[in-house]
Every structure is written in C-alpha cells, then in structure tokens.
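Read off the chains here:
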Amino acid sequence: MEAYIISNSCISAQDTFGGDFFFNELHSPESGRLNAIEPNYKDFIAPKVSRRMARIIKMSVATALDCLQKGGVNLPEAIITGTGLGCLKDTEKFLKDAIENKEETLSPTPFIQSTHNTIAGQIALLLKCNSYNYTYAHRGFSFESALDDALLHIREGKDNILVGGSDEFTDSSFDIIDQLNCYPPYIQGEGASFFLLSKSKKGGNPIKINYLQQLYHPSEPNDIINKAKEILKEKGMPDMILLGSDTHPEKDPWYSSVVKEFPSSSIACFKNLSGEYPTASAFGLSMAYHMLHENKTFPGSDVKGKVNGNIKNILFYNHYLGKNHALYLLSKEE
Amino acid sequence: MSERVAITGIGIISAIGNNVPENLDSLTKLKAGVAPIQHLQTRLKDSHVAAEVKASNEELIELAGLASFDGLTRTILLGIIAAKEAIAHAGLDNKQLANTSFYNGTTVGGMDVSERYYEDYINGNKIDIVRAFGSHDCGYVTEKIADVAGVKHNVTTISTACSSSANTIMLAGRKIKSGQEQCIIAGGTDALSLFTLNGFNTLFILDPEHCKPFDENRKGLNLGEAGAYLVLENEEHAKARGAKILAYIAGYGNANDAFHQTASSDEGVGATMAMKDAFNVADVDPKTIDYINVHGTGTSNNDLSEGVALKNIFGDNLPLFSSTKPFTGHTLGAAGAVEAVFSVLSMQHNLAYANLNFQQTIEGINVRPLTENNTLPAINSVLSNSFGFGGNCTSLIFEK
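Chains as they are written, first to last, in numbering that gives the first Met the number 0: chain A, 0 to 333; chain B, 0 to 399.
Since the hints were made in silico from the structure, they are not lab data.
Bear in mind that the values here come from a model prediction, so they are computed numbers and not experimental data.
For each residue, glycine too, the CB sits at the ideal point set by N, CA and C.
One should not assume that every hint holds.
Negatives, chain B to chain A, calculated, CB over 10 Å [claimed, not checked]:
{"id": "1", "residue": "R42"}
{"id": "2", "residue": "K53"}
{"id": "3", "residue": "E57"}
{"id": "4", "residue": "E118"}
{"id": "5", "residue": "N124"}
{"id": "6", "residue": "G138"}
{"id": "7", "residue": "L170"}
{"id": "8", "residue": "G198"}
{"id": "9", "residue": "L202"}
{"id": "10", "residue": "D256"}
{"id": "11", "residue": "N311"}
As a list, the in silico DMTMM-like pairs of lysine to aspartate or glutamate whose alpha-carbon atoms are at most 25 Å apart [said to hold, decoys possible]:
{"id": "12", "chain 1": "B", "residue 1": "K151", "chain 2": "A", "residue 2": "E102"}
{"id": "13", "chain 1": "A", "residue 1": "K92", "chain 2": "A", "residue 2": "E219"}
{"id": "14", "chain 1": "B", "residue 1": "K218", "chain 2": "A", "residue 2": "E219"}
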C-alpha cells in the first residue's frame, strides 16, 4: 500500500504555516503548554464564517484549503480527518450552558459544532465536495486510521485524497489532562496538519509513503523493534529515524529501546516542538515530509548524529500513552 | 481468496431488548421501546419520551458479567454486552479474537459519565478526576470494549454523528475485500445523555411524544440508546473455521450532502449518491432490493429529503420500506449497526417491519411506508440508510 504526499500544510506551536514549514526561531512552552500559532484566517475563510468557528475548525479548514491549493487540486476524491478529542470548545460550551441554565433556553450553535465530524463536514461544505467524508476519533490512532483509510482509497483506485489530523486544547481540557497526568514527560500541545495524497508522482519531488503500520497495545518494546526490522528488511537502514519523543528519548522506554537497537542511525525528534496531543503524529509526518522534500533538518529536533548529504528515507515511530503505536517508512523518489 | 464479506455473528442491546432474540420478539409483536424517561436524570423527563435500554447501570454491569462501574460508562456497558453476544454468536475463540479487529462507532463516547461530574468541576469542587473524565474520549470507549471482549488486533473509532456505526461496517467491508483483514467486529454504541438530549431539543427536532417517521404530521425524532455489533469475515475464512454464514455485506457507499451542517438538502443529493455508490459496489440493480430500512428519523427535514432520494433511485418502483426508529428511538452512533442487525434478521425471517405510528403520506412525495409487519415469501436483499450531521450519508446493502 503506497502513495505519494503531494502537499502539506501545518499549523502548530512553531511557525509552520504560510511559508515552507521551516522555522528559524524556536517557540518554547508558555505556562507549560505549546499553543498553536494561529495565522490570520481571512485569506482562507470569510470573516463572517470564521467568527462562528472554534479554533480547531479554523486551524483545520485553513490547513486543509492551503494544502489543496499547494497541491493544485480543487475537489479531493475523499476527505478524511482524525481528531482525538474533537471539538472541545463547543462541547464544553454547550455542556456548561446546559448545566448553568438548568437545561433551558440554550443556543444550539455549540451543540451543532460539537460533533467530531464538524471538521470534515465544514471542509466539504466550503468546497461543495460531495465525496467520501470520514472522521476517526481514536486517541493516538485518530490520524493513523485516517491515513490508513486514505491509503486504502488509493489502492481502490481513487486519487487526490485529503487527509488530516487536528486537536485543540481549552483551559479546562489542559487542566484535566494535566491532572490525569498521562502525558509526562511531554508537554501538551495542539495543532492541525493536512496532506494531499496521490496514487502517482506529480509536481516536483513527491514523497512516497512506503509503509504504515499501527500496533495496538504491544506488550513490550521488542514488538516495535521486530516490526521495524521487518519493515526495514526490504528497504535497508533509513538515513534517519524520527521519534515522537522530545530531545530526551532515554526518558521513555519505548523510544529509548529504538535508539539502542539502531546505534548507528541518525535520530531526530519533535514532541518538544509540537507538544503531545492525540494527533501530534500528523505534525511528525509533516516534519518528515519537509525534511525529505527540502533536504533540511530543524532547529531543536536533533537527538543524535547528522545526516551527511541527501536525506532519502525516514523511519518514523510514534506512540500515544504507550498503547497506540505507529511506524511509518517514507522515501524520496529520485 | 474470495472477496465476499460474510456476516457470522450479531449482537444487540436496545430499548426493545437486551439481546437478539428479545429484539426480534419485540419487532415481531410490535412492541415499541419508546417510553417515559426512567434512568437519565434530566429536566426533560417530564415532557419527553425516549427509548432507554430497560436496565439501570447496576443491572447492565451484571449483564456484562463485570464486577463494578470503575472505569466504565453506560456507553461502554452497552458496547460490551452487544459485542460479547456477537462474538459468542459467531463462535470466535480467544485465539481467533487475538487476530480480530474492532471498529467502533460512537458520537459522544463517555459523555454519560463526564457530564455528571462537569458541574462539580466548573464549580471547583473536589472530584475524582480519573473517574470523571478518564473515560470520556471515544477511543477510550472502544479500547475498553476491545480489552474486555479480548479483541486484540487493530482498533479504531469512527465518529461521524448518526452514520458512525454504518461507516464502521463500510470500512470493515472495504478492509476485508482488500485482503488486509480477515475478521472484524464492527458496529457502535451510544448511551442517552443529557448533552445529546438537550442538543436535539435546542434544534426543535424532538417529538415529545412517539415519533411518526414519514408521516405528513411528523414532529421530530425520539432519542434512544443502544449497542450493536456484527462479526464480519472473509467468506473463505468463515467457511474454513466452520462458521455459519448469516448474510453478506454486498455494497456500501458514503457521500457528503455538502449542504448544511445539520440539515439535509431538499434534493437529497448526498443520500442519492450514497445509495448509487452502494449499488455500484454491490453491482446489482435497485430492482433486486426486497426491503429498505430507511434512516427515517421522523424529522420534517430528514424524511422529506430521504423520500426524494428514494424516488431518485427507485422511481415509482419503490420496494417495501420502513423506519424502525419508532421501536428503538434514534440511537445516534449505534443506529447504523442496530439497523444492520435488523436487516440481517429481516432476511433470516423474511420479515419486513412495520413503520409504527404512520398515518398519512407526506404531501408532494407519494411514498408510503409499511404500516404492519409483512412476512414475505423471501427477503434476499435489504438496503439500509444512515445519515448524520455534517452532511454524512451512508448506505449499506445486505444479501442473503
């Protein structure tokens, strides 16, 4: 199951939107969180439309439309999104109103916009796109399930699939996740990343997704190592391994075992840039795509070693809460 | 290897029964599950009916074979009960379950628990944060059901509002056809919650009395709750392990109406496309359909739009059709799977269900649902529609 990434657009805690993704200045967490840097949305969404939209919708719609524009496609043959926690702001607003107003005289707007598929639905509405429209909401598999579905569509013969992952935090979701204490050692983040996938090479320098493998609840790091070796058997050692850790993979048993297993590999990371959230891997894939595409690395992402010369392929490994693991193999077609 | 997608097990808990035989019995005897609200604590219980599962959380814990409510929600309990029944029905053993995947549909996940703690949370009262919100997200619900049921391969959750579980069935069909998966449990679960009940109420699309789908004087929908799953397998895989094949998934289609976030287009654009796609995948003529289980919520907008879409596809040769939502209420994320289970039962028993409470045909579109149960010489093919917010439209075709 293979496909090409034709274009990407990403809003994150770093300055990744609007230019070529590469940021020079490193944005650090504020009050323990990595807030997304939001652009002026008016180039993508009419102000009277965007005024009603929560941040997750705006971030997603802007990156989705930007991605299509970059890829030169008006109407995708499928729109597939992933979000771990969905439209939190509207969900909270409606629940709060219902409780405070004792279930009387409520405004329907936040309810209407609270469903997880508001994102994919709004993209379809703005594009007037009647094609396949799916939303996955499964923790650290939200984006991977969406991407897996996109790859299946390509295999079934469709082309130009728009696929993305997005999550937002609110003050209370930040506080609740903080109290649940499930993200350490990572700090909380948010963002939106969309990709246009095609069955064929087009444009300059498309990046191939050779492989995507999800592993649910593996019992030990060896399960990951074995799967990684199986994937690499065919293609050989990658030029780089991108981990879903921060610059200290040794603090996380899953990532540290990968570092140990591949001692001669150059290793990069991204959670210190994006923060942790259910669809943070969509940020990771954006980064891997741009490293391959523009043959550059990012400030703040080096863990170990430097790639000398061309970055031709990347093994990307991410896990969420130790339960949702995903391995990707990406390559540049010369 | 064969590409046919076989159904080898079904499981359901809804307002009309805690298992498949009880649901069939209620359908046969025209016993609706819509009733005054007993279990959900809401101001609306004095003014509105709903289709609750007729059991308290304590009773559900016992039905699920579990010891306590720790880490659970009503949504999860409904899911566990229905999934276990489907697994037992298909005769999957632990070894087979380890290679089985679980695709779950839900709209609000563990909201039935988190909404009860949210007031204390915003008021700054001390609460057990794990108990309150640790089970909130949709993915948690899916993983908990998978873990309890012993399903270990791939897991995912689809949340596309009221078409969520229909979409898990479509995804499972595609995955099995592609050869990537051999055996998948697909379906969905949603418990009634204050959040959704009030949400639909603010949209003025709840009928406070029993709903009347496809009736000229319909006033809206009744909300319900349910868990329902189907075990889907590659036909050869099912035969190799000696499983009884109940029916097949022949076709599926998903399209977006791209008209409005909550309303359907007057022309039924998305619904028509979804049905067309399903017929293309099944590679059969619409004439072959013996019975349609329509989405038929009972809202003014849905039934009109769906009626137009049905005429777009079938013209004047509309097969027998009905909405079973007057029995079960609209069970949101579970609805597609509930109606898929009913579609399988329809073919097994050659039974086309009554559309309860119907009296008068909608003016302008001459479509009339079944008003009583009809036993036919044979029901070989059933079409089932599920539509949701965000313009999401899904159609499934089942074959004997």
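We went through each hint and held it up to the structure:
no.	hint	in the structure
1	R42	violated, 4 Å
2	K53	holds, 24 Å
3	E57	holds, 25 Å
4	E118	violated, 5 Å
5	N124	holds, 13 Å
6	G138	violated, 3 Å
7	L170	violated, 7 Å
8	G198	violated, 4 Å
9	L202	violated, 5 Å
10	D256	violated, 7 Å
11	N311	holds, 14 Å
12	B/K151 to A/E102	violated, 41 Å
13	A/K92 to A/E219	violated, 40 Å
14	B/K218 to A/E219	violated, 55 Å
In summary, the numbered hints that this structure violates are 1, 4, 6, 7, 8, 9, 10, 12, 13 and 14.
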